[in-house]
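Residue-level listing of the chains:
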Amino acid sequence: DTAVSQTPKYLVTQMGNDKSIKCEQNLGHDTMYWYKQDSKKFLKIMFSYNNKELIINETVPNRFSPKSPDKAHLNLHINSLELGDSAVYFCATTGSAMNTEAFFGQGTRLTVV
Amino acid sequence: TQLLEQSPQFLSIQEGENLTVYCNSSSVFSSLQWYRQEPGEGPVLLVTVVTGGEVKKLKRLTFQFGDARKDSSLHITAAQPGDTGLYLCAGLLTGSNYKLTFGKGTLLTVNP
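Taken in sequence, the protein lines are chains A and B. Numbered per our numbering, the first sequence spans residues -12 to 100. Numbered per our numbering, the second sequence spans residues 60 to 171.
Don't take every hint at face value.
Restricting the straight-line Cα-Cα distance to at most 27 Å, the calculated cross-link-like pairs of lysine-lysine (DSS-like) are [what the hints assert, rightly or not]: (1) Lys58(A) x Lys158(B); (2) Lys129(B) x Lys116(B); (3) Lys(-4)(A) x Lys129(B); (4) Lys(-4)(A) x Lys116(B); (5) Lys158(B) x Lys116(B); (6) Lys158(B) x Lys39(A); (7) Lys163(B) x Lys9(A); (8) Lys129(B) x Lys27(A); (9) Lys163(B) x Lys28(A); (10) Lys158(B) x Lys27(A); (11) Lys6(A) x Lys58(A); (12) Lys129(B) x Lys31(A); (13) Lys27(A) x Lys163(B).
These are calculated hints, taken from the structure and not from any lab test.
Isolated chain B (complex conformation) (with noise of 0.2 Å):
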């Protein structure tokens, strides 16, 4: 059983559309992040939220932490081609030190 389930799992759209992807759970998490992984390319954090209906801003990205801690979603807003690679969701289980669970990863294109 995926813990953390990722949809959709491949998404490709045209260079300036807007596009959402979601991180959704059961369980309730201490903290969720997310992570964009780039071909041949480690993965890069890109934010962790930690309140209930948090919403943090980075650039034309839009993160946010479901109310309840179980789900998460990213928003892009006029998205470019640079913005092409699989983003991954990860979160801290309640009670689970150390342990990051990652989901299965959205791949991201973005066709000029």
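Chain A on its own, in the form it takes in the complex (with noise of 0.2 Å):
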């Protein structure tokens, strides 16, 4: 039973569609994240949900939406699909806001073509 699971594991899709990601967490962690990491292995974070609500929200284009229904799912929108945006997408919980201590999802590899 993964205690943070993402889908799609692999997106492959053309420039200007639109695409969501979804992650949940069966590890009844109140805070939830999206990193992004690209072709050098560069991992930085994008949001960060705690019970729902935004608390970090990067430098990131408003192409990317995230939206958190509840505590155990956090999802991200991507419209008008850049070639740019390729890369890995993580999804990560830690038990609260202030504990770092980070599980991080599979990844989703994103290919924009």
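Quick one: dock chain against chain with the hints and give me the complex.
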């Protein structure tokens, strides 16, 4: 039973399309994150939600919109996909916003063609 | 400017060798973590250090947090092929709640 699960694992799509990535956690954690890992393996935070409320919003194009319908889910919707959006997107959770020991999902490899 | 500098960026060694990777910053961190990431997987937490000068051991892995809480090292003794992976350090800046800053990682390959 995977603690943090993301779907899909792979996503290939054309420029200009809109796509969503879903994340679910069964750890009972309060805080969820989206990270982007580029081709050089640099992992950078995009968003964080604590109990369904947005607490971190890094400098991310507003084509990216996170949504947290409940504490166990954090989805990422991306509009008008661009070539530069190609990366691996990771969902992660921590017990609370003060706790930084993170549990990561397997990642979603997004390729925009 | 990269807050956390990891070195070396790439390391390829033979099974049985020892190695050390470094994570350095000019900033002070409340805590620092090491993660290992294998291909196609997400990072997995290895250790958290919070006290300056702290040393933690995890089997053949030894982690040290610098006295000033600006740097850390990971030493692996008698490396094995199963140690192969991307090692990432991540720190929580003093006064910066909630947000982990990651280094760019050290890609370790241990050859049989």
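Hint by hint, here is what the structure shows:
For the hint linking Lys58(A) to Lys158(B), the alpha-carbon distance of about 19 Å falls within 27 Å, and the restraint holds. With a C-alpha separation of about 19 Å, the suggested pairing of Lys129(B) with Lys116(B) holds against the 27 Å cut-off. Simply put, Lys(-4)(A) and Lys129(B) have alpha-carbon atoms about 36 Å apart, too far for the 27 Å limit, and the pair is violated. Restraint check for Lys(-4)(A) and Lys116(B): not satisfied, since their Cα atoms lie roughly 34 Å apart, outside the 27 Å limit.
Distance hint between Lys158(B) and Lys116(B) is fulfilled; the C-alpha atoms sit about 26 Å from each other, no more than 27 Å. Using a Cα cut-off of 27 Å, the hinted pair Lys158(B) and Lys39(A) holds, with the two alpha carbons roughly 17 Å apart. About 26 Å separates the Cα atoms of Lys163(B) and Lys9(A), which keeps this hinted pair within 27 Å; it holds. Our distance criterion of 27 Å between C-alpha atoms is met by Lys129(B) and Lys27(A), whose separation comes to about 24 Å.
Of the pairs offered as hints, the one joining Lys163(B) and Lys28(A) holds, with about 6 Å between alpha carbons and a cut-off of 27 Å not exceeded. Note on Lys158(B) and Lys27(A): the hinted pairing holds, with a Cα-Cα distance of about 21 Å set against a maximum of 27 Å. Distance hint between Lys6(A) and Lys58(A) is fulfilled; the C-alpha atoms sit about 22 Å from each other, no more than 27 Å. Note on Lys129(B) and Lys31(A): the hinted pairing holds, with a Cα-Cα distance of about 20 Å set against a maximum of 27 Å.
Of the pairs offered as hints, the one joining Lys27(A) and Lys163(B) holds, with about 8 Å between alpha carbons and a cut-off of 27 Å not exceeded.
Hint compliance for this structure: hints 3, 4 are broken, all remaining hints hold.
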